[in-house]
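Q: For reference, the chains in residue letters:
There are 2 protein chains.
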Amino acid sequence: MQYWRRIVATLVLAVAVLTSASASERKIVWKLAMTWGGTLHPFTTSVESMAKMVETMSDGNFIIRIDSANRHKSPFGVLDMVKAGQYEMAHSASYYWKGKDVNLLPFTSMPFGMTAPEQYAWFYYGGGMELMQKAYAPHNMYSFPGGNTGAQMGGWFRKEIKTLEDLKGLKMRIPGFAGEVLAELGTVVTNIAPGELYTALERGTIDALEWVGPGMDIKLGFHKVAPYYYTGWHEPATELQYLVNQKAYEALPEKYKEMLRVAMRVAAYDMYALNYHESSEAWAQIATEFPHIKIETFSPEIMNAMKAANQKLLKEMSDANPLFKEAMESQAQYLKKVRVWTKMSDFDYLKDNL
Amino acid sequence: MQYWRRIVATLVLAVAVLTSASASERKIVWKLAMTWGGTLHPFTTSVESMAKMVETMSDGNFIIRIDSANRHKSPFGVLDMVKAGQYEMAHSASYYWKGKDVNLLPFTSMPFGMTAPEQYAWFYYGGGMELMQKAYAPHNMYSFPGGNTGAQMGGWFRKEIKTLEDLKGLKMRIPGFAGEVLAELGTVVTNIAPGELYTALERGTIDALEWVGPGMDIKLGFHKVAPYYYTGWHEPATELQYLVNQKAYEALPEKYKEMLRVAMRVAAYDMYALNYHESSEAWAQIATEFPHIKIETFSPEIMNAMKAANQKLLKEMSDANPLFKEAMESQAQYLKKVRVWTKMSDFDYLKDNL
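Chains W and P supply the protein sequences, listed in that same order. The first sequence lines up with residues 19 to 372 when you count with this note's numbering. The second sequence lines up with residues 19 to 372 when you count with this note's numbering.
Be aware that a few hints might be false.
Intra- or inter-copy, both count: the list cannot distinguish identical chains.
As the list claims (entries may be wrong) - Result set (SDA-like, lysine to any residue): computed pairs, CA atoms no more than 25 Å apart in a straight line:
id, residue 1, residue 2
1, 369, 314
2, 312, 203
3, 237, 357
4, 152, 114
5, 333, 368
6, 45, 279
7, 265, 341
8, 70, 81
9, 325, 77
10, 361, 320
11, 369, 318
12, 177, 194
13, 180, 204
14, 355, 267
15, 312, 98
16, 189, 302
17, 361, 183
18, 330, 197
19, 343, 236
20, 355, 236
21, 354, 368
22, 189, 62
23, 354, 370
24, 70, 46
25, 369, 320
26, 152, 351
27, 180, 60
28, 369, 182
Because the hints were derived from the structure by calculation, they are not lab data.
When you get a sec, could you build the whole thing from the sequences and use the hints?
A: Shown next as structure tokens:
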């Protein structure tokens with residue numbers, strides 16, 4: 019009897035120890051709300067690849083369920099939903115929150131701002147991440163880069179834009195801060211749902227529109243109805259954002275925190291490479307099938323007017339918001355140095371190899 | 019007695035099940051050999067960050083021990099050591115193996131080739147990774163991108179290079195394939211150990227040398243003794259490589275395979291961003307402290323001669339090696355499309371914003 023008792027005691031102890039180790043592997047299930055509908059490739063597929071990496075690395079123990087806007091019905095409510103803890107995380111773009119909190123505007127892309135390699139250098143090594151956390155802290159969340167579209171094109175125009183006069187009264191769909199800049203120049207900025215854009219452009223309800231770049235634009239068919247494709251100025255590197263509820267993140271075991279951080283980071287970089295690839299392929303296809311389409315760049319007169327309007331608006335916003343001002347100054351100072359390097363490295367190489 | 023026996027049987031079963039689950043968590047320890055000495059930042063620190071990510075994500079159960087060349091004493095032996103399974107993995111640059119297997123040359127950087135964003139798009143979405151695995155398969159290994167320096171500078175010169183005549187007889191340290199291109203133009207290409215480079219340049223033993231870019235060059239002090247810094251042509255985006263023994267990789271549990279893949283990928287992208295940042299900072303410092311240093315670009319006459327020599331050498335190698343030819347054709351075809359996109363996106367934006 020003594021013998022059996024000792025064995026039982028030992029086994030009970032062993033089971034207790036192993037069960038507690040196993041309990042730390044208990045499945046964690048998070049919910050992520052996207053601003054996007056379910057099929058907005060490559061935004062949605064990038065989020066899916068992030069969740070898949072976390073699932074595989076955690077051996078199926080950390081699952082992130084993705085709700086598209088088709089399901090949660092609130093594309094621009096995701097900030098509030100993560101803040102309230104209704105979703106543990108979201109995928110969106112920081113510049114959508116300008117109306118709620120202007121301090122969140124600077125982390126997606128700014129007119130006449132940094133290119134993607136410059137911006138990644140700023141985020142990760144030039145103080146950008148720290149400023150982004152400072153701006154998101156009042157919303158009880160962390161924010162992480164969520165994928166880059168690369169330089170966005172200036173938009174599809176039915177008619178050539180030669181002078182500032184041509185912009186006056188022009189009806190254009192261009193959302194956000196870039197729209198405010200053009201409004202300063204007399205453009206009539208309109209807001210039209212994505213599903214109605216093609217018809218609006220075809221029928222002349224609008225004269226021009228801005229979407230993303232060839233890779234994403236080609237699916238909407240704008241090249242069939244507007245023969246002028248202008249190069250960009252307003253979003254030289256549009257970085258999307260992951261938003262993560264602070265309390266939910268801090269409650270994760272260290273290994274899951276790291277899996278999430280690393281998976282978001284690689285999915286973001288990958289989206290930049292994928293957008294680069296798809297824009298290159300899509301433009302080659304458009305140029306072959308629609309050889310009459312012209313790539314144009316706005317004239318120096320127009321560019322200078324845009325820059326002046328941009329500076330005027332930024333100054334107004336900076337004067338009223340110290341944290342916004344701090345982010346703008348950080349970007350301006352960084353850009354001053356990094357653009358010199360961009361010129362002597364990639365730019366000088368490219369100008370002899372176009 | 020019956021009662022005790024049933025309890026014991028149940029407990030024995032429970033322990034067996036839990037012990038087997040726990041056994042799959044047995045610690046895995048790998049060894050990684052670097053081509054670099056122990057302090058070649060940011061190459062070595064990038065490898066360290068990769069290993070740290072794997073360690074944290076695996077909760078300390080997958081450890082990668084790093085040996086620098088100071089320890090294993092064989093910087094250019096790492097390919098053979100991984101092939102033989104002496105090390106599970108290595109960190110090096112694929113173009114170092116040109117002499118052993120020319121098919122491995124195309125995966126680091128080629129003269130007049132792709133920029134970093136173009137090359138990442140090619141690797142991950144344009145067929146580059148598949149070609150790289152095909153080239154490494156005969157060596158029983160997989161290869162993964164291992165970090166990018168960005169565009170490398172053309173080098174530090176004691177005298178200005180105005181004509182092709184100035185290159186003839188010029189003594190320059192420029193290793194690898196770029197050195198062969200310059201040798202075609204009459205440059206006397208020499209090989210000097212890194213530790214002796216500064217003195218050789220200072221004393222005029224050599225007239226010029228190529229290293230990396232401002233971020234890594236500044237530590238070696240070349241700017242103190244050579245006032246002409248030429249822009250690059252020979253390595254527009256130098257991607258290092260991880261080499262992984264195929265058998266060792268395939269023996270890993272799926273979750274560890276994924277942690278390794280993801281950690282290598284993010285460390286590689288991060289190194290590109292970090293090099294961008296450090297080159298920008300270092301050049302700002304050099305330009306401030308040594309304002310006499312001139313950034314120069316080789317003349318069209320010199321560039322065209324380099325391009326012709328490059329094409330001649332590539333053709334000879336392509337004719338003799340079908341797999342090398344396949345990789346060169348893939349890069350050339352990709353470049354043709356992607357450079358058009360680079361021009362209309364980043365280049366056209368930059369030319370109005372320098």
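Q: Which hints from the list above does the structure break, by number from lowest to highest?
A: 9, 14, 15, 16, 17, 19, 22 and 27
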